[in-house]
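2 protein chains.
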Amino acid sequence: MSAAPVFAQSIISPEVHPDGRVTFRLKAPEAKEVQLHCQTVKGAVMQKDDQGIWSFTTDPLEPDIYAYSFNVDGLHVIDPSNPLIKYNLRNIDSQVHVPGPKSLPWEINDVPHGVLHQHFYKSAVASDERNFVVYTPPGYDPTARKRYPVLYLLHGSSDDSTAWSSVGLANVILDNLIARGQAKSMIVVMPLGYGASDIVKSGGDPKDRWVRNLDSFGETLLNEVMPQVDKSYKIKNGRDACAIAGLSMGGAESLVVGLNHLDRFAWIGGFSSGGFSTNLASQFPTLNEKTDRQFRLLWIACGKDDFLNRQNHDLIDLFKSKGVHPTWTESPGEHSFIVWRRYLAAFAPLLFQGVK
Amino acid sequence: MSAAPVFAQSIISPEVHPDGRVTFRLKAPEAKEVQLHCQTVKGAVMQKDDQGIWSFTTDPLEPDIYAYSFNVDGLHVIDPSNPLIKYNLRNIDSQVHVPGPKSLPWEINDVPHGVLHQHFYKSAVASDERNFVVYTPPGYDPTARKRYPVLYLLHGSSDDSTAWSSVGLANVILDNLIARGQAKSMIVVMPLGYGASDIVKSGGDPKDRWVRNLDSFGETLLNEVMPQVDKSYKIKNGRDACAIAGLSMGGAESLVVGLNHLDRFAWIGGFSSGGFSTNLASQFPTLNEKTDRQFRLLWIACGKDDFLNRQNHDLIDLFKSKGVHPTWTESPGEHSFIVWRRYLAAFAPLLFQGVK
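First to last, the sequence lines map onto chains Z and Y.
Start counting at 1 in the first sequence, then tack on 3, and there's your number in this note's numbering.
Start counting at 1 in the second sequence, then tack on 3, and there's your number in this note's numbering.
Rather than coming from a laboratory, the hints here were simulated on the basis of the structure.
Since the model is a prediction, treat every value here as computed from it, not as a measurement.
Keep in mind that a hint or two might mislead.
[What the hints assert, rightly or not] With a Cα cut of at most 25 Å, we get these calculated SDA-like pairs of lysine to any residue:
#1 Y:Lys307 to Y:Gly103
#2 Z:Lys35 to Y:Asn74
#3 Y:Lys239 to Z:Ala147
#4 Y:Lys51 to Z:Lys125
#5 Y:Lys149 to Z:Lys35
#6 Y:Lys125 to Z:Lys35
#7 Y:Lys149 to Z:Thr146
#8 Z:Lys30 to Y:Asn85
#9 Z:Lys237 to Y:Gln38
#10 Z:Lys125 to Y:Tyr143
#11 Y:Lys30 to Z:Ser84
#12 Z:Lys239 to Y:Pro145
#13 Z:Lys30 to Y:Gln50
#14 Z:Lys149 to Y:Asn85
#15 Z:Lys237 to Y:Ile238
#16 Y:Lys30 to Z:Pro32
#17 Y:Lys234 to Z:Arg150
#18 Y:Lys105 to Z:Phe123
#19 Y:Lys187 to Z:His122
#20 Y:Lys234 to Z:His122
#21 Z:Lys149 to Y:Val232
#22 Z:Lys30 to Y:Val203
#23 Y:Lys237 to Z:Pro115
#24 Y:Lys187 to Z:Phe123
#25 Y:Lys105 to Z:Ala127
#26 Z:Lys234 to Y:Val203
#27 Y:Lys30 to Z:Ala47
#28 Z:Lys35 to Y:Gln38
#29 Z:Lys30 to Y:Lys35
[Stated by the list, open to error] For the chain Z half of the interface with chain Y, some residues (derived, Cβ under 8 Å), not all of them:
#30 His20
#31 Pro32
#32 Ala34
#33 Asn74
#34 Gly77
#35 His79
#36 Ile81
#37 Pro83
#38 Ile88
#39 Ile111
#40 Leu119
For glycine and all other residues, C-beta sits at the position ideal for the given N, C-alpha and C.
Looking at chain Z on its own, in the form it has when it is part of the complex:
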């Protein structure tokens, strides 16, 4: 009996060189122009050889995980030679990992690993079948008495519930932080972040959809996901053991849901937050000078080159005008997981400190 087919793979792409340069290749003999779109190399025109293979080599890149795609005569194309993708509901890209020191938070280390659990349920609020992902830390034992604090971690617009693990590498980051004693052992719940099932579909008025999304998302989280988590996992009771944070749309959701439910969440984070209603103040009706004493942490961060940077400054100004004082971090970077992996690595160690 002959061997099953082994796919011929003549093109090596991406090729990461020892010095951090990366060569991207695509076979497209008929194309007129092929560009590489990479997070640090935008719109680089690739060169075609006599085999019809287009290529481009970058300067040395800092160790990180970069999203990229090819633009073939106007068509967005992922790299057919590369199985590492950045999955997304609207725009799938390829990814290249430029490896770095094992001390980088997203590098896989030889440490105990947590487990990812995917739960499926029918949402009455959103009228759809959906899922949520749960990270249990190394050593988690459902039959033991030990209970854990929980972080609800929300993805951005056009992501799904797997984004924080598959692209954000939240499980790897937590494994590393916990192994180094830099973060408390915690459960992380990554729900689907849409309150309305049509939010990622086309048509309709975007602003209307965003407002409906934010309102309903809170319902799916508080009334549907949290009860299932409380029932299925060894969760510590009380707001002091409960955190909520998210990126972009998930940042707005975390701030709106968290600050309006301080009886449920004492630790709140917004990473590059966006997607509020036009009347920002109306979404935070209860903020006042007593709010500072009600949360343990209100952590807000945004990249200097993020298109939402100005809006995050507006948010900080609003909070301060109400007598609320977040911990504010402005970092280098844009609106991407390059920034958000670092935010999670900076935020998680702050959580649940001082809580028995």
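Got chain Z sorted already, so can you dock chain Y onto it with the hints?
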């Protein structure tokens, strides 16, 4: 604060019409020729409109889930308008779901759902970081006394450990079968099916790699995955509660590992099996007329139009020549998940019957 960006999505693709016809669309104004490659519609030439949008509408398709891609002047392209992909390490495709009656095994029903768990570990055998996926059935409670039989379910060449759940919809199929009382409640373990980490990479002699793969895969399963599963889940002891099955390469692995370890597995399935060594008989040295009494089920199936059909007949002939009599099913269809979802739905109900 303005709304976060909502992506413009002018192209609707695929569009499934009420009668089962499907329209595929791709915007590629500069392309000379665009073909649709779909499992039932091969190499259909698409037509371009004056907006540069290529389209093709099929005849009515039977309810199913079909893989497809576009060929744009020789370049393999997934559908940029469609988030439903068929992930694979060598060849990512798009998928279209033509919905059918809720009685179809892969349709999501309003029934209790199991949970998918993803475990990460360092393999000493394969010298890599890898994972395995575990399905626990509805009602599974790690703190209760009830123990479950286990099916080890193996993917094919170029798939990864998520293929049986994300493409094969094994969790949906099991949820449905269990809800209807057609299959016993069971745990399903879906490991990474490569014994050698370079099996999916390029270079080297394919046959050599396949043989090393098969030998080492058994070690990863028996010595690494199974002990972790036994420790982490409520698994019933003994061979009568332990099954192994797989598709294509995973079918070969199931037959070789299963039939050479009848002390561990009493239920064995090979779906469209391939990837044996050239000397087929050498991989089954212990088969004899007593073997039939040692397994509870040896279930072998292959599609009539599968390129491995001839080899599966050779396999059956070999087994019969040794006095071993598998349950042999020859079905319509090719080498694809359209066939394998049906095989799982036919195979799972046979498992663990008569076992207390």
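Verification of the hints:
1. Y:Lys307 to Y:Gly103: At roughly 24 Å apart (the allowed maximum being 25 Å), Gly103 of chain Y and Lys307 of chain Y satisfy the hint.
2. Z:Lys35 to Y:Asn74: Distance ~16 Å between Lys35 of chain Z and Asn74 of chain Y Cα, so the pair holds.
3. Y:Lys239 to Z:Ala147: Distance ~21 Å between Lys239 of chain Y and Ala147 of chain Z Cα, so the pair holds.
4. Y:Lys51 to Z:Lys125: 40 Å, violated
5. Y:Lys149 to Z:Lys35: 63 Å, violated
6. Y:Lys125 to Z:Lys35: 45 Å, violated
7. Y:Lys149 to Z:Thr146: Holds. Lys149 of chain Y to Thr146 of chain Z sits at ~14 Å (cutoff 25 Å).
8. Z:Lys30 to Y:Asn85: 23 Å, holds
9. Z:Lys237 to Y:Gln38: 53 Å, violated
10. Z:Lys125 to Y:Tyr143: 18 Å, holds
11. Y:Lys30 to Z:Ser84: Between Lys30 of chain Y and Ser84 of chain Z the Cα gap is close to 22 Å, so the pair holds against 25 Å.
12. Z:Lys239 to Y:Pro145: OK: Lys239 of chain Z and Pro145 of chain Y at ~18 Å, within 25 Å.
13. Z:Lys30 to Y:Gln50: Holds: Lys30 of chain Z and Gln50 of chain Y sit about 24 Å apart, inside 25 Å.
14. Z:Lys149 to Y:Asn85: Cα-Cα ~43 Å, so violated.
15. Z:Lys237 to Y:Ile238: The hint holds at about 21 Å.
16. Y:Lys30 to Z:Pro32: Between Lys30 of chain Y and Pro32 of chain Z the Cα gap is close to 19 Å, so the pair holds against 25 Å.
17. Y:Lys234 to Z:Arg150: 20 Å, holds
18. Y:Lys105 to Z:Phe123: Between Lys105 of chain Y and Phe123 of chain Z the Cα gap is close to 17 Å, so the pair holds against 25 Å.
19. Y:Lys187 to Z:His122: 21 Å, holds
20. Y:Lys234 to Z:His122: 22 Å, holds
21. Z:Lys149 to Y:Val232: 22 Å, holds
22. Z:Lys30 to Y:Val203: Judged against 25 Å, a Cα distance of about 20 Å means the pair holds.
23. Y:Lys237 to Z:Pro115: Within the cut-off at roughly 22 Å; holds.
24. Y:Lys187 to Z:Phe123: 20 Å, holds
25. Y:Lys105 to Z:Ala127: 19 Å, holds
26. Z:Lys234 to Y:Val203: 41 Å, violated
27. Y:Lys30 to Z:Ala47: 22 Å, holds
28. Z:Lys35 to Y:Gln38: 19 Å, holds
29. Z:Lys30 to Y:Lys35: 16 Å, holds
30. His20: 18 Å, violated
31. Pro32: This hint holds: Pro32 of chain Z lies near chain Y, its Cβ roughly 6 Å from the closest one there, short of 8 Å.
32. Ala34: 7 Å, holds
33. Asn74: It is violated, given that the least Cβ distance between Asn74 of chain Z and chain Y is near 11 Å, above 8 Å.
34. Gly77: 6 Å, holds
35. His79: Since chain Y brings a Cβ to about 5 Å from His79 of chain Z, closer than 8 Å, the hint holds.
36. Ile81: The hint holds - Ile81 of chain Z has a Cβ within 8 Å of chain Y, the shortest such distance being about 7 Å.
37. Pro83: 5 Å, holds
38. Ile88: 7 Å, holds
39. Ile111: Status holds, d = 5 Å.
40. Leu119: 4 Å, holds
Consistency note: the structure conflicts with the earlier hints numbered 4, 5, 6, 9, 14, 26, 30, 33.
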